[in-house]
Each structure stands twice: as C-alpha cells, then as structure tokens.
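Protein chains in written order, with our numbering: chain A, 42 to 401; chain B, 137 to 527.
To be clear, the hints were calculated from the coordinates, so they are not data collected in a lab. A quick note: this is a predicted structure, and the numbers were derived from the prediction, not measured.
Covered stretches of chain B (in silico footprint by chain A; criterion: 3 or more residues with CB under 8 Å from a CB of chain A, positions within the stretch not fixed): (1) 213–226; (2) 242–254; (3) 388–398.
In silico negatives: residues of chain B with every beta carbon more than 10 Å from chain A: (4) SER182; (5) ASP185; (6) GLY280; (7) HIS286; (8) ARG293; (9) PRO297; (10) ARG310; (11) ASP324; (12) LEU336; (13) THR440; (14) GLY442; (15) SER450; (16) VAL452; (17) GLY490; (18) ARG524.
Note that beta-carbon positions come from the ideal geometry of N, C-alpha and C, so glycine has one too.
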Amino acid sequence: MTRDQRYPREIAIVAFAQTDHTRSSAELSEVEMLMPVLRQVLGQTGLHTGEIDFTCSGSSDYLAGRAFSFTMALDGVGAWPPISESHVEMDGAWALYEAWVKILTGEAETALVYAFGKSSPGELRDVLSRQLDPYYVAPLWPDSVALAALQARTLIDAGETDERALAGIAARSRTAAQDNPHAQLRGSAAPDVLLEADHLVQPLRIHDTPPVSDGAAAVVLAAGDTARRLTDRPAWILGLDHRIEAHSLGVRDLTDSPSTRLAAERAGLFETGVDTAELHAPFTAQEIVLRKALRLDDTVRINPSGGALAANPVMAAGLIRLGEAAARISRGDSDRAVAHATSGPCLQQNLVAVLEGEAQ
Amino acid sequence: MSSAHKEPVAVTGIGQTKHAAARRDVSIAGLVREAAQRALDDAELSWTDIDAVVIGKAPDFFEGVMMPELYLADALGAVGKPMLRVHTAGSVGGSTTLVATSLVAARVHRTVLTVAFEKQSESNAMWGLSLPIPFQQPLLAGAGGFFAPHIRAYTRRTGAPDTIGSLVAYKDRRNALKNPYAHLHEWDITLEKVRSAPMLWDPIRYSETCPSSDGACAMVLTDTRGAARSPRPPAWVHGGAMRSEPTLFAGKDAVSPQAGKDCAADVYRQAGITDPRREIDAVEMYVPFSWYEPMWLENLGFATEGEGWKLTESGVTELDGDLPVNPSGGVLSSNPIGASGMIRFAEAALQVRGEAGEHQVDGARKALGHAYGGGSQFFSMWLVGADRPSA
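All chains, please: the whole structure from these sequences, using the hints.
Here it is as structure tokens:
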C-alpha cells in the first residue's frame, strides 16, 4: 500500500471514545462527563497522560456559561507534571488539526485531543445567535434553526431537494443510529409519517433538526511506527484541511459550500475514492450541500453512525465524525473514508479529512 | 522526537494598534484589521500573500461575542483560507503565535497571519470573569484578588523589601513613554506617585496594576524563502513552547509554578541557551502586577530563587540595564488581555530586528517573549534572534 507523501510524516488516529449523548446531563459537571472518555481513549492505547506529547482540546465558554471553561477540564486530564497543551475555542475537529500540525513539526509523536459541550444549561438556539455579527445581526436574535431553514428554503427553491427527500435523510440517519449505542436518537418512523408533522420553521420539521445534546469525545493521534505499535489498524490521515467563508449570509450562495470543496481538494479527496463519509450536517438539507461539494455518489455510505441528526453535542460533534470514521476503519468496516466537521451559521467553516486503513 | 525537518520560521511583519481604554472609533473588526494591515505593510505584503490566519483572544464573554472569529473572517481576509481560533486564557497571545509558527514550521503553509485582540470596552471584563457557576469557586474579585496572596507569599519567602513593586511600575510606565502604541502615557509619573497610590489588594497598589485596554497585535510569519524577500531584517524563531498545569492542587507552587520553569527550559534547550542571564539581551515578560517581574525573573532562570528582586532593585532590568525587562512598557502600560501575550512576543521580535524605535535595546540579538494565564497555570514563550538559527 502506498500513501500519498504530501506531508513529511505519517500520522493516524489510533483511538476514539465518546460519551452516550443525552438531552441533559444536569447531574454531571463537564469534567465528570469528560473523565470517563479520557480514561477510555487512553486505555485503548495503554498510554498514560504523562506519555502523551501534546494535548489539545475544543470547547466553548458560551455553552458552559463561564469564562475559561476549559481550565476545569484540564484538571480532569491530570496535567501534572506539567504538560504541553493548547485549546481552540472551536469544535474539537480543529483541536485535532492543531495537534496534527504539532506532530508534523516533529515536536510530538503522540497527541490527545478531546472536546466537550453541554447544550442543556441554556437555550441553544439563542446561544448560537451570539455567534453572529455583534453590531448588525446578533441584536436581531436570529436563531440557528431559522438560519438553517433559510438555507433549506434556498435549496428547495433552487430545485436541489424537496421536503420528502429531506425526510428521507432524517429517516436514513436515525435508522442507521440504531447500531450506535452512543447515539441520542435511535430509529425513525418512515418518511411518509415524518411528513405528517407540522413545520417547526418552514420548510423544516422537527426531524430536519438535530437533537440538543450534551456529550464529549476524545481521540489519540500517533505518528508512524508509534501508531502501528498502539493499534492493529491505524486510520492514517491522508489529508486534512479546513477553510472558512464570509460570515454574512447575504454574500454567500447557501446552496453551495466552496470552502468544503476547497478543503476536500487540499486534503486529496478528489484523487481517491472513499467508501464511507461521516458528514457533520446538523440539519438534513446541509447533507445535500455537502454531498455535492464532496462529490459523493450513491456508492458511498453516508453517516453510518447516524451523524449529527442522531446526536449533536456542540463542539464535539465534528470531532466525533473523525472518530467514527477512524473507528470504522480500525474495525475493518471501511478502507478509506472522508470525515467532515463544520462551524458557524449555514456551514460557514468546514474541515475535511481523508482517512485510510492499511490493506487487509 | 526529531525536529530535523522543521522549516525555520521568520517574523517579517509586526503591527499594533494604539492601545486605549476605549477605541470607540472602530468596531472589533476595525480594530483587528488595523493591526493586521500594519503587519502586512511592515512585511510589504498584501492580503493575497497570506495562506492562513490564526487568531486568539481571551474569553468570549469579554466582548460578549461567541466565537468572534466567525464574524471576523471577512475583516481579516480569511475567506477561502484556513482560520484557527486559539484560547488559552491570558497566555493566549503567545499560544496563538506558536500555533501559527507551527503551521510554517511543519510546512503546511508558507506565510501565516496571526492576530490577537481584546476590546474590553465592549463589555466588562470583571463581570466576564465573575459569572456564577454552582459548586465552583468564583474568581476572587478580579485577577488582583487572586494574585495578591501569591505576591505576599513571594515577599515572605524571599525577604524582598516592600519597595520593589513600585520600582517595577515606575520603570515600566517610564518605558511606555517611549512607545507610541502604549495605552498609558503618564508624563508626570514619579516614584513617589507610584508609592503613594491607593492600595487595591495588599500589597498591590493602583499604580502597580495593569489597565483595561482595547487593542490588537498582528504578525506575519513566513518560511526561509519568505524571509529572503523581507524588506526589513526578520526576527528568527529559535525556540517556542507551551506548558500547562492544573489550577489548584496541593503540590502547586503558586509563586514559581513548575509549568513556567519547564516551559522556559524547553525554549532554552531548543535555542541552545545555557546561561539565560548572559545570553539573552532583552525580555518582554507578562507582568500584569508589578511584583511579577522579580517573581518571573526567578521562574525563568534569570536569577536563582529568592534573588529576583535584587536584579530589579539594582537597576539590571531598566531600559539601559544589563537585562532590560519590558522596554515597551509591558502589560502594566497596555493590557488588551487577549493581545497582551502576542504583544510580548512581537516586542521581543521588534528588539532583535532593531525596529523598536525609542525603546530599542542597543545591540539586542536574542530576546525572550513570555506569557502566562489562568491561575498561573498556562505558559507560552518564544525566543527570537537576529540570526537565522543553525540547523
């Protein structure tokens, strides 16, 4: 097997763990939610905190409702003696990117990446509106479901999808989640039944939207022979890239995702086929946009985990896509997969990773 | 671990805003754009020369905008590019710079813009740090309340006379008079005024605390080929590191945290520094309360334990001293929190480029930039030099 030598080092995801995602975890602090995941992911590799060269996390103060929300989580890692560590105020997929770059420099052989988010303490739709331009847009409090509805409406008007197709995406995703013990929503009524419900925000019904979730996830990255030593079938990162678009919805074509396409191109997706895709599409219509940008045809298995429609712990949901794709490769259920993470309103920022297992 | 294949990284552009209590003339986007444009102008590059943007700031509650990098993508020319947002508490300006440095060192990108900011006037930092959380210890009346006991522990441990803190404040505020970007320009400052300022958190007086500032800092980092095209001398990165330790635990030395010592040791190892006191020509260290100068002098290995205050007292850290500390005026003169760490890194780079203007340290060839945050638990540092590091 030959891997693309676009980078100076081979780096793989060698372990992945996640919580069972729930609507509320009021009985747990973020640290309590995270600690079992950290223990599990390190346990899979046999490594201890002190043997990890670099640690990076993703989370958001606004979800936690307090400044420096990541500092308490760090205490859970057990950063003593002191560790080399960093944090992105982004989905954990971008923490994985930072860790991947750190390993590429040669300054680390292994990295622990984790992410957590509790949506339950606040009103997520309102909280996410605080991401918007603070002078001109946020004061109007447009909520995240309304913005996603705008994108879905644009797609329907452009003839790219219809409400029945969207119901099909919801049913397929949540049916697939029946095999995922961590998913929050498992199983679905048939699309015809789903379409009988009233609209939540036209053209979206409740099935077109993600569950509000609390959850955490972690992965371990390792380079070259270290990765081979730590796991039987590492999920090698063939390519990894992310791109951002303009913030204002008025200057973007919401039926397209040029940032996803560019990230995929830079990650080498179009030079190689994949059998699996884990897409971070919290709203059904966004899967339409992503499939087009990533040029995925019907031979590709989309979101066998159920995707963000089955569990959407904000700040961890993107990292989980990378973890699910890697776990599938490690289990031998996939040979090459694409994983995608998104951030910002209507797919503003997108990360694409191409993962591959050694020939079996 | 091998780092043999790392690309050398150079700083070819540096930009800052005029730091002020309230920059009501610009939006958040306008503020970061001002610093970024100045960094590009310094490097004589345009927005299209930038491959990626790495941005940092302290908690989102300081401005009341969740993940503001999303909204700032347009203002920073990041559309179509990778954009990362770093947040490591008060050390974030330094960490952000180091993440950007890694992108070039790993040869993922050739030329990276890194930006850090805080626009404290948009909100209230005191409240931003004081949101009540059930079953967790609240921060104690702002950062001064948290750090004052550690300063008292330092003076008890070392026997430092109570005059040292005011010397640092007097020095840094005078240095700031030579820095056009500094927030505080106290032209009538005297040592007596510092000493008689009201006591806020014993032993920290009003004049020994940092201001609340609006401000941004930006740098252009580039590879060897980019450095060759630099219109002015580049600063070269000789070493950089981050270290973290838990907030509170029984074994923590809050006066001289182990994470700070380990971080400095890693940077010196990378840079081939064996005697920091002799080999380093200028230091930009994160001193938000004046007493942290002698404390960090020890933590960073410039003085043995208990001796840091003697360096300060003897004038070694003055602008014309043997080891100038904070020639820019430091955090005590400008504190846009999220940017403060990057300003330390950038000012260190300005010194070795010989571009620091009136607060230039004569003949500076190697300089240390230092940042810390949280409860003295997050550290980031880099050492920059006038010469390209030997492979």
